[in-house]
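The chain contents come next:
There are 2 protein chains.
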Amino acid sequence: MDAVIKVGGSLAENPVELRIFCNKLSEYAQRYDLVVVPGGGRFADVVRDYDRDFRLSSTKSHKMAILGMDQFGLLLTDIIPRSRLIRTFKNLNKRSGGGEMRILSPSAIMFRENPLETSWEVTSDSITAYVAGQLCAEKVILVTDVDGIFSKDPKLHSDAKLIPKISAQKLLSLSRRTSVDLFLPKLLLKYSLSCYVVNGKYPERIGSVLSGGEVPCTQIIPRSHPTI
Amino acid sequence: MDAVIKVGGSLAENPVELRIFCNKLSEYAQRYDLVVVPGGGRFADVVRDYDRDFRLSSTKSHKMAILGMDQFGLLLTDIIPRSRLIRTFKNLNKRSGGGEMRILSPSAIMFRENPLETSWEVTSDSITAYVAGQLCAEKVILVTDVDGIFSKDPKLHSDAKLIPKISAQKLLSLSRRTSVDLFLPKLLLKYSLSCYVVNGKYPERIGSVLSGGEVPCTQIIPRSHPTI
Chain Y
0 MDAVIKVGGS LAENPVELRI FCNKLSEYAQ RYDLVVVPGG GRFADVVRDY
50 DRDFRLSSTK SHKMAILGMD QFGLLLTDII PRSRLIRTFK NLNKRSGGGE
100 MRILSPSAIM FRENPLETSW EVTSDSITAY VAGQLCAEKV ILVTDVDGIF
150 SKDPKLHSDA KLIPKISAQK LLSLSRRTSV DLFLPKLLLK YSLSCYVVNG
200 KYPERIGSVL SGGEVPCTQI IPRSHPTI
Chain C
0 MDAVIKVGGS LAENPVELRI FCNKLSEYAQ RYDLVVVPGG GRFADVVRDY
50 DRDFRLSSTK SHKMAILGMD QFGLLLTDII PRSRLIRTFK NLNKRSGGGE
100 MRILSPSAIM FRENPLETSW EVTSDSITAY VAGQLCAEKV ILVTDVDGIF
150 SKDPKLHSDA KLIPKISAQK LLSLSRRTSV DLFLPKLLLK YSLSCYVVNG
200 KYPERIGSVL SGGEVPCTQI IPRSHPTI
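If you read the sequences in order, they're chains Y and C. Residues 0 to 227 in numbering that gives the first Met the number 0 are what the first sequence spells out, letter by letter. Residues 0 to 227 in numbering that gives the first Met the number 0 are what the second sequence spells out, letter by letter.
Bear in mind the hints are in silico, worked out from the structure with no lab data behind them. Ideal placement from N, C-alpha and C gives every residue a C-beta, glycine not left out. Incorrect hints may appear among the rest.
[Claimed, not checked] So the derived label-pair ranges between C-beta atoms look like this: (1) Y:ASP32 with C:LYS151: 24 to 34 Å; (2) Y:ASP52 with C:GLU116: 26 to 36 Å; (3) C:CYS135 with Y:LEU173: 57 to 67 Å; (4) C:SER191 with Y:LEU155: 53 to 63 Å; (5) C:GLU213 with Y:ASN13: 51 to 61 Å; (6) C:LYS169 with Y:PRO80: 44 to 54 Å; (7) Y:ARG30 with C:CYS135: 53 to 63 Å; (8) Y:SER172 with C:SER118: 48 to 58 Å; (9) C:ASP44 with Y:PHE110: 51 to 61 Å.
Using the sequences plus the hints, can you model the full thing?
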């Protein structure tokens, strides 16, 4: 498995860009062994709102949010050419000859195995890393609507600086919500996974990350390093 | 089976009222043989928005909307005392000794059987009637945030009049979206089901409908009648 790629729900806010991205992703699936994990999209926002209104139990809101990933997966399979939904690890591991893009519909696996804690610190980022760990993928690519992880929130601060490389250990010590969830670095360390946070508005950056090239993004490396 | 009750997602807009309603519903489950079908809540609105943005295939948006019912069912089972989620007709038919409220999580049945057309004319109202038909329920109760079906949209027209009784045939001939979906009357005719559209802001009205009393609501009768 070359990479497990999370397609963040925020990309759906620009339908034209998401379609362009999905077409490109379908091309990459011809060359690379890839699995897509859907984000929660606006469905996850609705779960957060209901959770606030009703103070739901964490197991219920967690399941509701995972169903949101199933829903966004249905959307993605409608717009990624030559794609299909997959519900088991066994089938995720089977690469078809035609370079079909496999999209995980995560509820079946996550409801049965319930491998992660049920809190808002675990979102589709962590689920993607968990899936990549199970599939022994080389890379985790988290596709979002910003260039990577910044020194500050780039949507609020114009002087925020892109962090090109950070260790999972360092990310863990930040203890603040960045463009990735709080639990993610623990899983990257556990499975020793290299992770890239990449802007989906520039689909060719995904291609560069897959081929090992350099592009604006944040690489999270799964070990301590004296300088990063 | 005394009744299959749809709890409309619009009730979640007022969390306090929905909690009061859910407590009352749990009491009724002690006395009556009931099944709850969840509405789609705000999740269905998100599906409609994505459907508009991406022009999704009807099978995909239909499935996404049904997952929205699963999500709202998770919310309901968190706030209806002594309730649990059920995924099969066999278990829906089993009334427990303790008067536990059974809440349908519809995706398993609906994805497997796919018994209804996949369009926005089929919403959780029609799915509730389908389930009631399969369970040979005596009544279908659609709980919403208005008193029933009106001569005009009561949220737009102050002179709208509540229709206390209407035949399914007449409702079908209206050919306009009322507070229930367009496909519903066809299923009420097919399964010969009596249906009540009731305002959940007054939970005792559900009790009156269950006991055969008269309350402000709309009764849809499953046959032609010379005067209604």
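A quick look at each hint next to the structure:
no.: 1; hint: Y:ASP32 with C:LYS151: 24 to 34 Å; result: 58 Å, violated
no.: 2; hint: Y:ASP52 with C:GLU116: 26 to 36 Å; result: 33 Å, holds
no.: 3; hint: C:CYS135 with Y:LEU173: 57 to 67 Å; result: 59 Å, holds
no.: 4; hint: C:SER191 with Y:LEU155: 53 to 63 Å; result: 60 Å, holds
no.: 5; hint: C:GLU213 with Y:ASN13: 51 to 61 Å; result: 53 Å, holds
no.: 6; hint: C:LYS169 with Y:PRO80: 44 to 54 Å; result: 47 Å, holds
no.: 7; hint: Y:ARG30 with C:CYS135: 53 to 63 Å; result: 56 Å, holds
no.: 8; hint: Y:SER172 with C:SER118: 48 to 58 Å; result: 52 Å, holds
no.: 9; hint: C:ASP44 with Y:PHE110: 51 to 61 Å; result: 25 Å, violated
Figure legend: structure checked against the earlier numbered hints; hints not met, in rising order: 1 and 9.
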